[in-house]
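Colleague: Could you build all of it, start to finish, from the sequences and the hints given here?
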Amino acid sequence: MNFRVLAGMPTSETEMVFAARFEELAGADLVATRRTGTDLINGAGEHPELDVVLVHQDLGPAPVLETVRDLSHRHPQLAILLVSSSMDPETFTGAMEAGARGVLSADSGLAELETRIAKAAEWSRTLRRHLESAAFDLPASGVRGRIVTVSGAKGGVGTTTCAVHLAMAAARRDRVVCLVDLDLQAGDLPAFLNLQHRRSIADLVDAADDISPGMLSETLYVDPRGPHVLLAPEHGERGEDVDARATRRILSALRSRYEMVIVDCGSNMNEATAMAVELADSAVVTVTPDVPALRGAQRLMAMWERLQIRSHEDVYSLVTRHSRRNEIQPDFLQQLLGTKVLRTPVPAAYRALEPGENNGDPTKVTDEGLRKAFARLASELDLLAPPTAGGSGSRIGNTTASGGLPPGLAAPASRAPGTQTGPSTRDVSGFLDASGPQRVNGYGTRTGTSDPWGQGSPGPRGGFGG
1273 MNFRVLAGMP TSETEMVFAA RFEELAGADL VATRRTGTDL INGAGEHPEL DVVLVHQDLG
1333 PAPVLETVRD LSHRHPQLAI LLVSSSMDPE TFTGAMEAGA RGVLSADSGL AELETRIAKA
1393 AEWSRTLRRH LESAAFDLPA SGVRGRIVTV SGAKGGVGTT TCAVHLAMAA ARRDRVVCLV
1453 DLDLQAGDLP AFLNLQHRRS IADLVDAADD ISPGMLSETL YVDPRGPHVL LAPEHGERGE
1513 DVDARATRRI LSALRSRYEM VIVDCGSNMN EATAMAVELA DSAVVTVTPD VPALRGAQRL
1573 MAMWERLQIR SHEDVYSLVT RHSRRNEIQP DFLQQLLGTK VLRTPVPAAY RALEPGENNG
1633 DPTKVTDEGL RKAFARLASE LDLLAPPTAG GSGSRIGNTT ASGGLPPGLA APASRAPGTQ
1693 TGPSTRDVSG FLDASGPQRV NGYGTRTGTS DPWGQGSPGP RGGFGG
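Counted from 1, the sequence shown has number 1727 at position 455 by this note's numbering; the numbering is strictly sequential.
Source of the hints: derived by calculation from the structure; they are not laboratory data.
Just so you know, not all the hints are guaranteed correct.
[Stated by the list, open to error] Label pairs and their calculated CB-CB ranges: (1) Asp1460 <-> Glu1640: 23 to 33 angstroms; (2) His1345 <-> Leu1608: 52 to 62 angstroms; (3) Leu1399 <-> Asn1631: 12 to 22 angstroms; (4) Glu1577 <-> Val1494: 36 to 46 angstroms; (5) Asp1513 <-> Thr1398: 27 to 37 angstroms; (6) Glu1640 <-> Gly1427: 49 to 59 angstroms; (7) Gln1580 <-> Asp1311: 24 to 34 angstroms; (8) Thr1398 <-> Val1494: 17 to 27 angstroms; (9) Asn1314 <-> Ala1291: 53 to 63 angstroms; (10) Val1289 <-> Gly1317: 42 to 52 angstroms; (11) Glu1369 <-> Ser1284: 42 to 52 angstroms; (12) Arg1346 <-> Gly1641: 41 to 51 angstroms; (13) Glu1509 <-> Gly1332: 31 to 41 angstroms; (14) Glu1577 <-> Gly1317: 37 to 47 angstroms.
No experiment lies behind these values; they were computed from the predicted model shown.
Where a beta carbon is used, it is the ideal one built from N, C-alpha and C, also for glycine.
Modeller: What follows is the structure, given as structure tokens:
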């Protein structure tokens, strides 16, 4: 592949001169030019696999060395060459101190231009390979990561909330997690995580056939609280570009570099979400205990079956807004939907979620019932343990040894038939106090079946949406 160059040229004349020179170069492509320092800095983030940036000394409006310094801080993997008519020591010193790789004479010939760009580009690609190796290399075992999709029976049942908190719970257990917003028209992870990022999944569509770690590193947002985040497009109409083929390539690239890929599919099915559900190791449908949500879940899973995407027996239902006062309880919901219902429901505690959602910081959710619920759900879905060579890529819904339960709930082989165990009592995500016995309400070791779904949990404190 030819070296890719971005140029900041102050006038149309200088732009034409350099464009003409690049037309004669066989090993380098001028991908774009910009007329101001601000546009040049923004342009450097718009072109994946960029190697070299040429910055003319007369580029304004800010002093050119400030532009060079800002570029080098934001994109340390790029080789920056200052184009100057003056080749004195002061120019060299200023350029190097600002972060440039060198100074290129404004009237350099084709041979010199080609040589300097080639050397700078090789440096850039070498550095990028080292950065990519440190951040994205597979473990020696080559184990693939697991994909878990979270789809909503309808809007407002807590799909994004659950996806975010499951990703946070897995990250707290030192899992390498990527959270993907595949709600392409209405994705709102920036509000849930209080982040600003210009790149989205749409930026990977054109390169879907050959997604490099460098492209991922420039497109993903690295949340300091743990998960890496791949956002939906800011403008919903761009979501139409993300078709089934691109989704398969993108999720496969993420699976090869992350232990866990958690996909928020929203409540609308399209090509992208259908492909994600088909690829997923575990598919979860969030549903509230009311008739409209149940009908929505039935319609969604019936559509998956008609399109041969996924059988309803291979789907997990996750009950949100749960309360012992609800008319519909999880055991009855399981009979209606015919799916495996996750043992841990999310309690009806909207007000307890407000601090996290209003501040864009999930860590501000301090309600103990919610924190335990999300931690146990992560354990049930096998998000807390690293993928293994034997289990990678297999759907946990296909497990029959434990009666269809996720691996974290499978009964040990040494136990007598019919004996049940609850989720692990180890400290999950830092939320649980595992030093003592847990309550026998469906969360810990079960001693009876009078309250298998935790219906003795506190009554409703509000709704559960998002």
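Colleague: Each hint should be assessed against the structure and marked as holding or not.
Modeller: A quick look at each hint next to the structure:
1. Roughly 26 angstroms separates the CB atoms of Asp1460 and Glu1640, a value that falls within the hinted 23 to 33 angstroms.
2. A beta carbon spacing of about 56 angstroms between His1345 and Leu1608 agrees with the range 52 to 62 angstroms that was offered as a hint.
3. Hint check: Leu1399 to Asn1631, Cβ distance near 37 angstroms, so the stated range 12 to 22 angstroms is violated.
4. Here the CB-CB span from Glu1577 to Val1494 is close to 38 angstroms, well matched to the stated 36 to 46 angstroms.
5. Between Asp1513 and Thr1398 the beta carbon distance is about 32 angstroms. The supplied range of 27 to 37 angstroms therefore holds.
6. At about 28 angstroms, the CB distance of Glu1640 to Gly1427 disagrees with the hint of 49 to 59 angstroms.
7. Evaluation of the 24 to 34 angstroms hint for Gln1580 and Asp1311 yields a failure: the beta carbon distance comes to about 48 angstroms.
8. Taking 17 to 27 angstroms as the suggested C-beta distance range, the pair Thr1398 and Val1494 conforms, at roughly 22 angstroms.
9. Look at Asn1314 against Ala1291: about 20 angstroms separates their beta carbons, and that is not inside 53 to 63 angstroms.
10. Taken as a hint, the range 42 to 52 angstroms is violated for the pair Val1289 and Gly1317, whose Cβ atoms sit roughly 26 angstroms apart.
11. Taken as a hint, the range 42 to 52 angstroms is violated for the pair Glu1369 and Ser1284, whose Cβ atoms sit roughly 31 angstroms apart.
12. Range check, Arg1346 to Gly1641: Cβ separation about 42 angstroms, and the 41 to 51 angstroms hint holds.
13. With their beta carbons about 35 angstroms apart, Glu1509 and Gly1332 fall inside the hinted range of 31 to 41 angstroms.
14. The hinted range of 37 to 47 angstroms is satisfied by Glu1577 and Gly1317, whose Cβ atoms lie roughly 42 angstroms apart.
Going down the numbered hints, you'll see the structure goes against 3, 6, 7, 9, 10 and 11, while the others check out.
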